[in-house]
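Protein chains: 4
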Amino acid sequence: MARYTYHCALRWSDMDAYGHVNNARFLTLYEEARAALLFGDAKPAGATGMQRGIVVARHEIDYLRPVDYGDPVQIELWVEEIRPSRFSVAYEMYDDGQLASRARSVLVPYDLAAGRPRRLSDAERTFLTEWRDAAD
Amino acid sequence: MARYTYHCALRWSDMDAYGHVNNARFLTLYEEARAALLFGDAKPAGATGMQRGIVVARHEIDYLRPVDYGDPVQIELWVEEIRPSRFSVAYEMYDDGQLASRARSVLVPYDLAAGRPRRLSDAERTFLTEWRDAAD
Amino acid sequence: MARYTYHCALRWSDMDAYGHVNNARFLTLYEEARAALLFGDAKPAGATGMQRGIVVARHEIDYLRPVDYGDPVQIELWVEEIRPSRFSVAYEMYDDGQLASRARSVLVPYDLAAGRPRRLSDAERTFLTEWRDAAD
Amino acid sequence: MARYTYHCALRWSDMDAYGHVNNARFLTLYEEARAALLFGDAKPAGATGMQRGIVVARHEIDYLRPVDYGDPVQIELWVEEIRPSRFSVAYEMYDDGQLASRARSVLVPYDLAAGRPRRLSDAERTFLTEWRDAAD
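Chains as they are written, first to last, in my numbering: chain B, 1 to 136; chain E, 1 to 136; chain L, 1 to 136; chain V, 1 to 136.
Okay, chain B solo, but in the shape it has when bound (with noise of 0.2 angstroms):
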């Protein structure tokens, strides 16, 4: 029912030589906003298993304008879909209040030490619940 909403700041060095932030950095700033909800804010919701696995199936990601180095980018993030093995995250990147990029990522639990997907917990899934957005 709600987005999440996370500042993340830019580094000189996330531009490339076209003096914009790289497209594939785009990825990393995303995968900011999803770890400091995935693994720190699902921690004190007791939604610990995430932290020790997650892969993605799958990007997307759209470009609507350059971003420059500056001022932090603002990223809203929240749940599109749960399934029992696999849920999706949409996500949308402003710069000075601009809407800079769209993506959703595809990600399922991953059991590291086995080598294998799992399916979420009941912890995982009522915390994913509660970030759940059916806007585009």
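Just so you know, these hints were derived from the structure itself, not from any lab.
Treat the hints with caution; some may be incorrect.
No farther apart than 20 angstroms at their CA atoms in a straight line, the calculated lysine to any residue pairs in the SDA-like style are these [said to hold, decoys possible]:
id : chain 1 : residue 1 : chain 2 : residue 2
1  : V       : 43        : E       : 11
2  : B       : 43        : L       : 12
3  : B       : 43        : L       : 70
4  : V       : 43        : E       : 19
5  : B       : 43        : L       : 10
6  : L       : 43        : B       : 36
7  : B       : 43        : L       : 71
8  : E       : 43        : B       : 18
9  : E       : 43        : V       : 43
10 : L       : 43        : B       : 121
11 : E       : 43        : V       : 11
12 : E       : 43        : V       : 70
13 : B       : 43        : L       : 68
14 : B       : 43        : L       : 45
15 : E       : 43        : B       : 17
16 : E       : 43        : V       : 10
17 : B       : 43        : L       : 72
18 : E       : 43        : V       : 69
19 : E       : 43        : V       : 12
20 : V       : 43        : E       : 54
21 : V       : 43        : E       : 12
22 : B       : 43        : L       : 11
23 : E       : 43        : E       : 130
24 : B       : 43        : E       : 18
25 : B       : 43        : L       : 69
26 : L       : 43        : B       : 69
27 : E       : 43        : V       : 72
28 : V       : 43        : L       : 18
29 : E       : 43        : V       : 71
30 : V       : 43        : E       : 72
31 : L       : 43        : V       : 17
32 : L       : 43        : B       : 70
33 : V       : 43        : E       : 70
34 : E       : 43        : V       : 68
35 : L       : 43        : B       : 68
36 : V       : 43        : E       : 130
37 : B       : 43        : E       : 17
38 : L       : 43        : B       : 72
39 : V       : 43        : E       : 68
40 : V       : 43        : L       : 17
Got chain B sorted already, so can you dock chains E, L and V onto it with the hints?
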């Protein structure tokens, strides 16, 4: 009618804390293959404009199996669609002979000096057409 | 006479396969602190030339303890030596209040357009002198 | 008595906004050469422990000329000093046949599981001695 093959050396630093090549880094590896084709091989063909500016409008990427540090990965790349002011490139990444990832990028020729998209030149269109491949 | 303090957010992707912030990444974190001072804070002081080109002639860096993903690190930075066409900056990085690393950089003002070193301007020298600190 | 030579492919993304290979990235390129020797070549020699943990205690790096995206750089690497629980490696980086950078690293064998430094094994010491070189 042909696919471009690029062998991309991995770096120890491509791994993240999970001990596999980081998911965002895949876009960097695909970028290397794309740069080798569009910035490198395009030059002798007279299609020199792309090095001066190509921006990414969209990426889609599927992760099929984790990639580990070791031998270079093999990236196959081909042009899918060519329009007056954008084109799309598809890729497959093979690790130890097995398909590890697939991706697709929508690319826009850009005039960095003027700060706006531009149309493909005739030389660029001819060059891209040589690397067109219908198969997915 | 003073030290510049910069709080640098860590990214999950700063960790390498050992699960700690990668050693090369420390230079990037120091670079962020340096960019904030020399490119950011220098501007209102009229020392605008450095953003247009500062090249690194040398780095020395000591690693005292591993840094883990989590809260931002605190970087302290000061100017050590100022010569007509080069100056040196020293840094300390604190993680959870403990000294984790020390570094020193020799920097050369550079005219990127002309492709050659240049001398510090008066405004730059005045700005740097404010951040001079004798202590190590 | 010998130097180890490693040809390191550059990536377009190694460039920063100045259009040259970023200074922090040099450490990553040196790391690749070091990993190829200490993690790769050491294995058939029976010195397998280093892949399980080597931490960096110090780097020194001098930048002599900018390195541009293009052909691989050539990195030469040799062992300078071997002590019971640390050793140092020196490097030179050549771009188009010209010396572009020099560096030196102090490395500490580490037991990642136990979280503490350890002594070099006999096999490691023998392996490192083969790559010892007195010249700078």
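Outcome of the hint check:
1. V/43 x E/11: holds (17 angstroms)
2. B/43 x L/12: holds (16 angstroms)
3. B/43 x L/70: Between residue 43 of chain B and residue 70 of chain L the Cα gap is close to 13 angstroms, so the pair holds against 20 angstroms.
4. V/43 x E/19: Holds, at about 19 angstroms.
5. B/43 x L/10: Roughly 18 angstroms separates the two Cα atoms, so the pair holds.
6. L/43 x B/36: Violated. Residue 43 of chain L to residue 36 of chain B sits at ~32 angstroms, over the 20 angstroms cutoff.
7. B/43 x L/71: holds (15 angstroms)
8. E/43 x B/18: It holds: about 19 angstroms lies between the C-alpha atoms, which stays within 20 angstroms.
9. E/43 x V/43: Violated, because 41 angstroms separates the two Cα atoms, which is more than 20 angstroms.
10. L/43 x B/121: violated (51 angstroms)
11. E/43 x V/11: Answer holds: residue 43 of chain E to residue 11 of chain V is near 17 angstroms, not above 20 angstroms.
12. E/43 x V/70: Roughly 13 angstroms between the alpha carbons, so the hint for residue 43 of chain E and residue 70 of chain V holds.
13. B/43 x L/68: At roughly 17 angstroms apart (the allowed maximum being 20 angstroms), residue 68 of chain L and residue 43 of chain B satisfy the hint.
14. B/43 x L/45: The hint is violated at about 44 angstroms.
15. E/43 x B/17: holds (18 angstroms)
16. E/43 x V/10: holds (18 angstroms)
17. B/43 x L/72: holds (18 angstroms)
18. E/43 x V/69: holds (15 angstroms)
19. E/43 x V/12: Holds. Residue 43 of chain E to residue 12 of chain V sits at ~16 angstroms (cutoff 20 angstroms).
20. V/43 x E/54: violated (42 angstroms)
21. V/43 x E/12: Measuring from Cα to Cα gives roughly 16 angstroms; hence the hint holds.
22. B/43 x L/11: Holds: residue 43 of chain B and residue 11 of chain L sit about 17 angstroms apart, inside 20 angstroms.
23. E/43 x E/130: Within the cut-off at roughly 14 angstroms; holds.
24. B/43 x E/18: holds (19 angstroms)
25. B/43 x L/69: Distance of about 15 angstroms is within 20 angstroms: holds.
26. L/43 x B/69: Holds, at roughly 15 angstroms.
27. E/43 x V/72: Holds, at roughly 18 angstroms.
28. V/43 x L/18: Roughly 19 angstroms separates the two Cα atoms, so the pair holds.
29. E/43 x V/71: Given that 20 angstroms is the threshold and the Cα spacing comes to 15 angstroms, the pair holds.
30. V/43 x E/72: holds (18 angstroms)
31. L/43 x V/17: Answer holds: residue 43 of chain L to residue 17 of chain V is near 18 angstroms, not above 20 angstroms.
32. L/43 x B/70: Roughly 13 angstroms separates the two Cα atoms, so the pair holds.
33. V/43 x E/70: Holds: residue 43 of chain V and residue 70 of chain E sit about 13 angstroms apart, inside 20 angstroms.
34. E/43 x V/68: Holds. Residue 43 of chain E to residue 68 of chain V sits at ~17 angstroms (cutoff 20 angstroms).
35. L/43 x B/68: Holds, at roughly 17 angstroms.
36. V/43 x E/130: violated (44 angstroms)
37. B/43 x E/17: holds (18 angstroms)
38. L/43 x B/72: holds (18 angstroms)
39. V/43 x E/68: holds (17 angstroms)
40. V/43 x L/17: holds (18 angstroms)
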